[in-house]
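Chains as they are written, first to last, in my numbering: chain A, 1 to 211; chain B, 10001 to 10281; chain C, 20001 to 21015.
The reader is advised that the hints may include incorrect statements.
Listed next, the in silico DSSO-like pairs over lysine-lysine satisfying Cα-Cα at most 30 Å (straight line) [stated by the list, open to error]:
#, chain 1, residue 1, chain 2, residue 2
1, C, 20867, C, 20776
2, C, 20360, C, 20288
3, A, 185, C, 20980
4, C, 20887, C, 20327
5, B, 10107, B, 10034
6, B, 10034, B, 10240
7, B, 10035, B, 10239
8, A, 170, C, 20852
9, A, 184, C, 20070
10, C, 20355, C, 20400
11, B, 10184, B, 10240
12, A, 185, C, 20776
13, A, 90, C, 20070
14, C, 20141, C, 20879
15, C, 20776, C, 20141
16, C, 20413, C, 20400
17, C, 20986, C, 20911
18, A, 113, C, 20070
19, A, 184, C, 20419
20, C, 20852, C, 20111
21, A, 185, C, 20421
22, A, 185, C, 20141
23, B, 10184, B, 10239
24, C, 20070, A, 88
Worth flagging that the hints you see were computed from the coordinates, not collected in a lab.
Nothing here was measured: the structure is a model prediction, and the numbers come from that model.
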Amino acid sequence: MSHYCLVVDLDRCFGCHACEVACKNENGIALGEYWNRVIQVGPHGTFPDLEQYWLPVQCQQCEDAPCVHVCPTGASYRDADGKVLVDKEKCIGCKYCMMACPYGVRSWNAAEKAVEKCTLCGHLTAAGEQPACVASCCASARFYGDLDDPESDVSKAIAAADASSVHSLKDVGNKPATRYILSKKIATWHDVDEISPASDSADPAWFAKEA
Amino acid sequence: MEIQWSLVLFTALTGLAGWLFVCVAVDEFLGRAKKASFPAAVVSIVVAIVGGLASVTHLSHPDRIMGALSHPTSGIFVEAVLIGCLIVCVAVYLVLLKRGAGVGARKAVAVVGAVFGVLLSFMAGESYLMSARPNWNTQLLPLGYLLTVAPAGIAAYLTVVAAVAGKGAGEAAGKDAAASLELKPYPMALLVAGVLSAVGVLAYTLSAGASDGAAFGLLALAVIAGGVVPCVAGALLPKKPESLLALAAASCVCALVGAIAYRCIMWVVTVPVADLFMTVI
Amino acid sequence: MSLTMSRRSFMKAAAVTGAVGALGLGSAHNLTQSDKAWADDDVQEVRTSCRACIANCGVIATVRNGRVIKLKGDPIDPMSKGRICPKGLSGVQALYHPNRNKYPMKRVGEKPGNKWERISWDEAAKTVAQALIDMRDKTGKHGLLTSTGGGGNPQFFSPPRFRNFWGAGNVFEPGCAQCYLPRNYTMPLVNGLGDTSIADSGCSELYKPARYGGITEAYVIWGTGPAWHSPSTSGRCVAELRANGCKTVVVDPRFNADASKADVWLPIKPGTDMAMMLGWMHYIIENKLYEKIPGYEDFCEQWTNLPFLVDPRDNVSLPPVAEDITKDGQLLRASEVFSDVTAENEGYVYFDTEKGEVTKAFALGPDNDGTYHPQLFGTVDVTLKDGTTITCKTAFQAYKDRCEAFDLDTVAKITGCQKEKIIEAIEIYCSSPHGGISLGVATDMYPGSAQAAIGAAALDCMTAHLWHPGCPANKTGGQGSSGLSSAESTIFPSGFIGETAYKFMDDEAVLERLGYAEHKGLGGWMHSHIPTILSAILTGEPYQPKVWIERSGNKMAALGNSSSWVDAFPKFDLIVHGYMYPTSFTTEAADIVFPVCEWLENAFAQNRLNVNLMRKPVTNLFEAADEIMMWGKIAEAMSDPSSDLYDANMEACMDSEKIGSPMVPAYWKTINEYWDWVAQQGGDPSVTTMKQAMDVFPEEWATDDEYWGGTVYDGYCKVNAGGGAGGKKGDLVAAAADDGKVTYTGFSTCASDIKDDPKKCGPYADTMLYIGRHGKEKFEMPAALVDYNPMPYYFEPEDQTDFGDEYPLRLTEGRIPYYHHGTLRNNPYLRELYPAPELWISPENAEKYGIKDGDWVNVKSPRTDGKDVFCDITTGVDKKTTLAKSKNAADGPSEFAPGEELTANGQSIVKDGIYGVARVTKGIAEGSVYMERFWNPEFLEDGSDGRKSWTTENMNVLTKNTGYFNPEFGTYTLRGIHVKIEKAQKPEGVWYDPTDFEPWMPEPTDFTGGAFYQS
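With the hints as constraints, model all of the structure from the sequences given.
Below you can see the structure in the form of structure tokens.
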């Protein structure tokens, strides 16, 4: 089966947030709601020997997707291509999938009262275009494609990277597909359950900006 | 995470209903309070339905609930099936009781219903076991769900028993009735259930890691109201049979509060692997 | 009818006025009744060029049924390669912002205030014309003030163009001397190539695809943040370089994106860059790295002016802040030494070690290659032609002396950086000739602006980081490109300003530009000195500015010590503001508002390496118009000889024949004519109309192979490398000879009295010194009181010296990827991302002040506290030259001896200081904090106190327009000021939560043509 996902090269990503704005524009996402966010990890270390990277996060296209598993109505489903998607028409709003997502990267659409998330811009890829976040990515850090196809952008990006530089968000059995490339020369990879907002503020502007 | 009150009430009430019906089933065999069977079963089915409705308020599109039929592995589906089975069993039991049908059939239906009741109280918690939330992902959580509603169900049963007895023969008669009933197994059960509830609450909460004042407050409430109070009531009852109604009712309310507090702990302490959007669910 | 300029009032206004001004517009919010020229669901893609910042990335706009619905990057753009940043992506929300200025307006009611009445373009233009004519007749033409800057797709040249036509007056922008001009002006005079601002000039060479080889190997990113300046252009480019193995050094107080990827980060204390540069020079000289650059070991000797002898008799006038520096002045002129050298063949001299004698410097060529053996260091006794003997240092020796005290231990102490890190940085820099320093805006923003520009360019000269493959300082672009301007951000249309047959402005009008004679570098952009303008406004001396036409972003957010301007506004007869939205300046100052276009409505030609882009009018809304129409319509209102409002200059500037230069076209009467003219500037001679341009552009005028393959590197040691890659496409001009001598192209940096150009690059900035004494106009200007020192020098920031005890933290600023200058603070998606200014503070300082990450913080400076008030600096200056008579107070108030306080009242408005949100981070230089410019458009909504829009979160009320201005540009202090902070509460009324910005979500509107459109 094909396995479409995003791969992000964190050696390149410089935290400009273009992917985030492109995603909101493309998908008409309301203020305060997100399908894609960029998290700053760091700086860590001792001044002035600091490390920092940016972690863009969105649906990780898990192989064993807990959201699909817990969804009572099949609103969260895997399509013929293997992409994890949400059929908002079927969503009853129980939010179990949001609880079940290990990374909290599902989004509650307050207007439609339904759960939604990154669709890998299927409407664009179907027309031969790149997802909006990939197309806009100013650092050329984002790749989209089928992990099972060695000729895809994602496979090539992973193949080009040193194996020790390829990471995924902490796998708790869900097998996230998205890969992050981060080499030691830029920064040490931190598991996603180790990074937490430094700010006491619950405001999204401050989320996950670590001190 | 925000406390999901719909789900808290849903699991607490349906659990209470389930354990209340367990008592009804047990009494089919012990036969200590036959007059209470019908009203207790009625209370059970009413509470179960109210609890079920509470869960619906959690949904933003209950109109689409039939879609759940298409996906029989989800926790919601299992809960829906179990609550449906419980309600059916209780309803059949009531019908059998009303029609004076054979004891065997009644006992069988009561046992099956009781099993569904116990299962429901457990499975309502089992739904939250997910790898995304490490401190939910332990069998201690559903065990706590089961244990915290047991005293509430038993106390509810005793409340009905007391109410029915009092109603049937006046105040004095009530006392006598209570005394003569040899209710001993039920207060003992309440005592034991109280102890187990407190243990269950502590076991889960300690494993989950209560981190702040709110969680510790809820923990104290769950242990005292949900465990200590029923336990003490269970111990006092044999000595003060005249206070059956008061003690049972107080235990019931406290145990329910305790069960609710326990469920709240779960929401308060939950930490996902990561909450990268900082979404308030 | 009056209205305030916010969404709800506009809706009311629309309801009251019903439809239709003179141009057949529908009402503001219901323009859908226009006849559609498209079929339903007609979807088109228009390929245009962004102007959300100065980078001009290629963008494709999707237009459905006449409305722009989507923006994406255009892959044809060789600089952005189809990428697009948050600012660009926000173009749709900006275009359809509900608070757009939709019609010309005039103020009704109090100032400051936000009550306006809609008027016609005609009435608006006539109102301005009337004020200008009244002013001319009463107090003269020099009362005109025009300004720009602060972002918002301004036409860089429009304000000076109008002023130049008008014939007198002053121009400023808050940037200029504080942003880019110092580097743009100084660096080419030093390195003979151009400035190395990756943000402004583009540094084309850095964009060379790796397959052409010779890519940048060692890149020093100094006070600039390519990743966050233009993520899609400079950010993308530097990310690509890093991925290709380029080593980078980042010199920045902030651990910004590029620092986090760098091989070495030097967390420099703001304001100490010159010390760092002198330290690098010290190390380079001490370790002879100047002769160890692989492959270019003799560059310093052969191609710089460092061997030239310095005239010890020159008594240079030193800057008041650095009177203890070495006193080396101008280079010795050959005419002083040799009797056969006169003004006609003036030159420099050096000591030839082979010949053993002082020799006149000469340009190298094929015939004399190998005959030039200059002494680099030490002193030489020179016998002058009058027989006296003087002892001259070489220029390099002068440098050695200048940086003598700046050993790296001392520099580490001053800059807050570790010595080992500094050495590592220098070693990387000198490890390869394929690289160099990109100097950013940081150093422009304090009075060391010219010194840092000389320093960075001189370092590149000393270490041969010029004109090789991979050097930021370069002449890239194959034959046929315009060389330096091939990635230039602002210069268009070329020749928009230039010589005309009609004499619009006389020399006196040029000379009386405020502060120009003292700060002659301002002439580079034909601007004036902002503090001198402010003082003139407040005192009426040397003359009173009366009519102010301002076209751009929020001046209250962009001007240093901006509250000091409040007292200036009442001094004007009329203030005009042209912008897309109301800003704090509109409500504080404006009498007349012109609605100008968003970039999606504008036309502009933009070269991007081997591709010509064209910004096209994708749509046009309301009565908004390109700003050229604002200036043009004001001029046109004074062009009728039969009218009371007649002015001969204004008549002439409407008439191409009178102007007499095709390079300086007349103003246009319809926008269509202007668009056609723009289309003709696009670089394709076959295009004469915008209609054609819509189809033709973007256009690749050369292939990658032609462009990169045709680039001539190391052209200085080649014959006829020309002005970089100048000349026509594919046509390398045959070798031309001067006086029969064939010479190499070399560098052109010498002072204008040097006629026998030795064609060296000029790290010893003799040319700057010369300009300070003579100017660069067609007439001789009086010398500045303070000489333009030929070498960099360091001085401590004034706030440290004057107020360091009470205001212990040094403040810096710097780019964030969401906003450009003062723009887009009203953009919902961007404010969601960055709702309030961050104040970066180290964990140690945070603990000291009891501040936690995410806390609101109150920030104050000597300016908010009434301790550093803007003072009179003009009542003692000469009326004709605006020069101070001397540096002494006895000669009356001048910038050297400021008089009485002028703006205590205005500055008291901000006595409570400003607010930001603390971000506790290790990524900030010692003892420093960081904050970026901000303002709060939410306070311009109905029922709000508009003043709070610029007093609440605006760090530019902390900055300094007082004290010391550097000699060359009059740069004042925006960075390296000192502040004090304390924990605070969130200020009332600011929008912060994502949903707060809901009222600013776009309201799509149909094409109207805008003003002056003829269908």
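Broken hints, numbered, in rising order?
Hints 1, 3, 9, 12, 20 and 22 contradicted; others consistent.
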